[in-house]
Amino acid sequence: MARGANPPTHAIDVTTPSVARMYDWLLGGVENYDSDRTACQDLLRIAPSTQLLARNNRAFLQRVVRVLAEEYGVEQFVDHGSGLPSQDNVHQIAQRINPDCRVVYIDSDPIVLAHGRTTLQENKNTAVIQADMRNTDAIFTHAETRRLIDFERPVAALFVSVLHCLEDRDDEHDPVALIKRVAAKLAPGSFMVICQLVSDNARVRDGVTQLMHQCTGGMWGRVREPEEVRAYFDGMEILDPGLVDVVDWRPDTPPPPPAQRATDWIEWGGLARL
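Quick note: the sequence shown uses the numbering used here, first residue 240, plus one each step.
If a hint is listed, it holds; no wrong ones were tucked in.
With a straight-line cut-off of 25 angstroms between C-alpha atoms, the simulated SDA-like cross-links for lysine to any residue are:
id, residue 1, residue 2
1, K424, D413
2, K424, E476
3, K424, G481
4, K363, Q334
5, K424, D376
6, K419, P393
7, K424, N374
8, K363, I336
9, K419, D484
10, K424, G312
11, K419, Y311
Since the hints were made in silico from the structure, they are not lab data.
Build the full structure now, drawing on both the sequences and the hints.
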C-alpha cells in the first residue's frame, strides 16, 4: 500500500493520512500519526483482514527479492512506491546475498525521503529519490539513478502493492501505460514484480476505494479485480507459479490455512521476465 501517486513536496502534512504511514502502522511501525491510525481503523471496519494482508504482502516482497538476487543473479533494483523503511528492506535482503547489489527507492511522500536518507546514508549502493513514480523519464535520468543503475544490464523493477494508488487514466499516467513505459526502458532479461490489492467483493472494492479517496485527499486509485491485473503483464514471461495471491508465491513454509489468510481482499500478482 506504499504511496506513490502524489506530486513531490517537502511539506509533511500530518493531518491528512498518508498511505505510506498507514502501511507503516499496519506493519506495527511507529512512523505514523493520529490521522493515519484513525484512517486504518476505518479501513479495518470495511476489511477486517487488512493488517494480515499487509504482513503477508511484506513477506512476499522479502521472498521475491531474495529469489531475484539468489536464483536469477539480479544485482540492480528500482523500487517504485517503496514506502517507509521497515525491517528487511530490499537492499538488506539483496545485499545479504550479494553486497554489490544496488537499490534505488522511489516515493513521493516527503517523510519517506527524510527517513530513507537517514537509514541509507552509510550505504553507498542505495539511494532514495522523492518523485512521482509515474515520472519515468525523471526517475531514470536522476543523478542517483544514473550513479547506481546500469540500464544496459538486467534490472528488477518493483511495483509491490502500489498500483492501486493510481487512478485509471486515458493517458501516460494510467497504471498499464506506466508499466509498459518502464518495461520499454529496461534491458532484455530484466524483471518486473507487480502486485496490487484486488477483491471479488464489490462492497469491499467500492467501500475501500471511497474511503481511501476521502481520507487521503484523492491520493488513491482503485481496488481492482484479479483479471485486471493481468493486463499489467501483457508481453512478459510470467514465471512460476504464475499470478497468485502473494501468500502462495513460492512460500517458505506450507501455505497458510484459511484463518491466516486475508479474506476481504488480497494482494494479487507475481514475477515476470522481459
